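Participant: Quick mapping for you: the protein sequence lines, in order, are chains V and Y.
If you number the first sequence the way the working numbering does, the last residue is 292 and the count never jumps.
If you number the second sequence the way the working numbering does, the last residue is 244 and the count never jumps.
Hints listed in this document are in silico derivations from the structure and should not be mistaken for laboratory results.
You can take every hint at face value.
The calculated DSBU-like cross-link candidates involving lysine-lysine, where the alpha carbons are at most 35 Å apart (straight line), are:
| # | chain 1 | residue 1 | chain 2 | residue 2 |
| --- | --- | --- | --- | --- |
| 1 | V | K281 | Y | K62 |
| 2 | Y | K41 | Y | K242 |
| 3 | V | K250 | Y | K163 |
| 4 | Y | K108 | V | K172 |
| 5 | V | K281 | Y | K108 |
| 6 | V | K250 | Y | K108 |
| 7 | Y | K166 | Y | K226 |
| 8 | V | K250 | Y | K62 |
| 9 | Y | K163 | V | K153 |
Note that the structure is a prediction, hence the values are computed from the model and not measured.
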Amino acid sequence: MRTRLQRWSLLLGATAVLALPMSLWAQLTQYDVDARLNAESHVGNTTGHAKSAALPYRRFCVGCHGPLGDGNGENAPYMQPPIFQQPRDFQLGVFKCRSTPTGTLPTDQDLFDSITRGFDRSNMPQWNTLSKQERTDLVAWVKHFSPRWANEKPGTPIVIPPEPEVTADRIKAGRDVFARVQCWKCHGVQGMANGPSAATLTDDLGRPIAAFNFTDGSRPKCGDTDQDIYRIFMTGLDGTPMPSFADNIKPEEAWDLVFYLRTFMHQHSKEKVLAKQLGLKPVDPNAPAPTQ
Amino acid sequence: MKKQYNFAALLFTVVFICCGALLLSRDVKAAGEGKITGTVKLDGVAPHMKGIDMSKDPVCVKAHATDPGHLETVVAGANGGLENVVLYISDWSGPATVSTAVPVFDQKNCMYTPHVLAMDVGQTFKVTTSDPTTHNIHPLPNPMTGNIPWNQSQPPNAAPVEKSWKAAEVIPVQCNIHPWMHGWFVVVKGPYATTDSNGSYTINNVPPGNYTVTAWQETYGTTVQKVTVAAGAAATADFTFKAK
Chain V
1 MRTRLQRWSL LLGATAVLAL PMSLWAQLTQ YDVDARLNAE SHVGNTTGHA
51 KSAALPYRRF CVGCHGPLGD GNGENAPYMQ PPIFQQPRDF QLGVFKCRST
101 PTGTLPTDQD LFDSITRGFD RSNMPQWNTL SKQERTDLVA WVKHFSPRWA
151 NEKPGTPIVI PPEPEVTADR IKAGRDVFAR VQCWKCHGVQ GMANGPSAAT
201 LTDDLGRPIA AFNFTDGSRP KCGDTDQDIY RIFMTGLDGT PMPSFADNIK
251 PEEAWDLVFY LRTFMHQHSK EKVLAKQLGL KPVDPNAPAP TQ
Chain Y
1 MKKQYNFAAL LFTVVFICCG ALLLSRDVKA AGEGKITGTV KLDGVAPHMK
51 GIDMSKDPVC VKAHATDPGH LETVVAGANG GLENVVLYIS DWSGPATVST
101 AVPVFDQKNC MYTPHVLAMD VGQTFKVTTS DPTTHNIHPL PNPMTGNIPW
151 NQSQPPNAAP VEKSWKAAEV IPVQCNIHPW MHGWFVVVKG PYATTDSNGS
201 YTINNVPPGN YTVTAWQETY GTTVQKVTVA AGAAATADFT FKAK
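Excised from the complex, chain Y in its bound form (with noise of 0.2 Å):
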């Protein structure tokens, strides 16, 4: 009998210690966070990005009569640095929903704004139109992921429509009514990043630790490297595509 005690008195104490250093530990890993900060460039002459035909609809070419719309799929700036990339941690074990902000995906001027919109699984996103002409909103995604197509009218001064995403998936969103509009939903888990117009990118808020960081590009696909971040530390990490 006595054993028994003693026994069961020394497995409640071994798991009381392990529940609290589980539990201090989450507290010690939110207050040392850092980010994984640097650039995403293109390696080589970028692809000549075609002008697009909008004269299906009058509106469309009005809005772009002084500057004339482009293909998206290769953004490249002066230096180099690729714009529309997706950062993400691919190894990311901590919950999927991690941001808190409602990413917006604009309809201007017969043109997806931004053209890569990131977000986390189950993370709401709101899509507008600022456009005097009708569209319809329209992603996607394999149903076989969990991520159930949806295909809603927007006409002009429609109200956002607000949504989320079950699973990390990348998502094509297109508008059957201007056929050149393609955008993408890129879900994915954990914390993320777009690069700028000058390909640089920061992701915040990553606890201490060893990961691994993906690049996603619509065109060249995606690259991975391995970051160590220190407590409250920024680690870099810079990517490079080549160019076809």
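Same shape as in the complex, but just chain V (with noise of 0.2 Å):
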């Protein structure tokens, strides 16, 4: 380096470069974020603050989530999509896991869930280590990350029917939803997320990701009891290719879908014994689609 000159020059290069990339990541800044520092959540008769929980939130998430909530924590380029999916940008405020319409926010217990359950073949774990006090806390802190909650309501919780007994006839009517809305063309026509567009999936960023293949035993994102699946149907997966058929199927319906994909799974059910007693055929994609 022969002046002073070049060296400042160098200098100041070096950190515009390494700068610049940074700043076109995080879409808000800490300036931003700190703004939402007073967030507040209410899960059952538990209160939390998100001032209480950025230290567990740097302790468990930072590694991952990032310091601003955008997903770029420092393990975020080593979740290589589809196999596994990168880190939530709580910035975009945009949610898998919710019992609220499709395009609107979830509920704070809806939050709370996700960070207890943990997302199975992903890697987010269970939290359910954490206190309640503490993961109530922490659902303030990923609400403080997006500006949406100060404008915006969470959507109001879809109501889900009570679950009726499972039966032959369901599972059979279930069937007919399945070929009807046509869920086979990703999650293929034994649930194997082999369908004819399952290759060509991409989540709203572009990046791929698969359809959930039902028989390899792993449990769905959203939790795997019947009313976790039917509210991943009628709400919709936010962020992912997966739509919400709220308008397009009956609560009734719907629970005897639940019950044919039940069929699919690894686990053993009632209604897999019934499909088997049925000798339930899969659906035949080459049919034309039935009408409602």
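Both chains come to you apart, so use the hints to assemble them.
Facilitator: Below, the structure is given as structure tokens:
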């Protein structure tokens, strides 16, 4: 380095080069995000405060979700879609697992359940080891990353009718729903995620993503109870190709579809027993789509 | 005391006159609305629009048995007119929502019709399906603009989906089931128009004044022009995009 000027120019240039990509990733600055440090959450009888979650977030979450909650933690580059989805960008306020309609914010309970349950077959663990208060505080912290909660209320949770008894007729009716709305296009006729459209699926940010494979023993991302499965296709998984079928499947039929989907799954169930007794065959993809 | 009363009276009169002028001037504007009309052309040879392989869905293949589907990123007519270009007033200072129509975006033969749907902020639009195969309608706005992405299934004979957008934005639309399906929702403020197959457009209901008109085309981006609209008259603004 001949002159001081050259040395300083090099330093400035290097800083600019290193700083630029960082600034393009984070849509919101620390200043923007700090404006919402008063965020609160309510889960059951527990009230959570974002400020109390700053330290647990740094300890448990920042490695993947990043200091600005945009999913750019230092572990993020090692998660390769479609096998492992990237950590959620909380700044966007778009979430997969909700009890609320597509395009609306999840409830605090939804976020609490996601933290507690984790996401099977992803890098998001079950955080049921943290106390209820800690998890409720973390819900408030997750919320403080996105300006959406300042301007918008969460959606109204969908109404799930009481679960009826599993019968052979309901399973057959569920198969008809599966055929009518053509779930098999992505999920395959046996739920093996090998439908004709499966290979080209991408998420909202253009990254490859896989449809759920019902047969390989994985648990659905948003929980594995019958109610969880009901909610998944009646609210859609925002941020992914999975749409909401709320306008196209009646609540009664939705239960039939849940029972049919159980027949694909690895876990032993009454549905699987009945399906075997019925000798139920997979849907024929070459048959014309049945009308309502 | 008297001075204060005088001042108050003077102030009141001035405010009254100004309000009156404002109200009167609004009516005058509505009466003298003009329009902006013109053509958008492509300078150069239009790129070849590749054929689409729809074999993922035999229903789509059948629908295109005699008329194969093509990409629609640049649709140019014989005389060089560009279709699907949206014209709008980028320095519009009036109300954002001026159109009361309900534009329709249809899924037909596994393609979006029209390919580009222009609309105002807050204007209701409908998405319909005319196909015997399931689609999902999945617009991808950037949530940071205030427009929130949603994703709904539309099986055959599904009811239309009615929505609106909160912010001006060019929003890509896709179907995840049929990955070749790409369309656009172009959300703007104020009056707008979309070019037809000849590249012609007319923006109606434009009050007299000086405006900047922007033309947006999905491949070539935007180009602007300044236009002056006289009361009740038609101003002309022709645009040209250079082929790459």
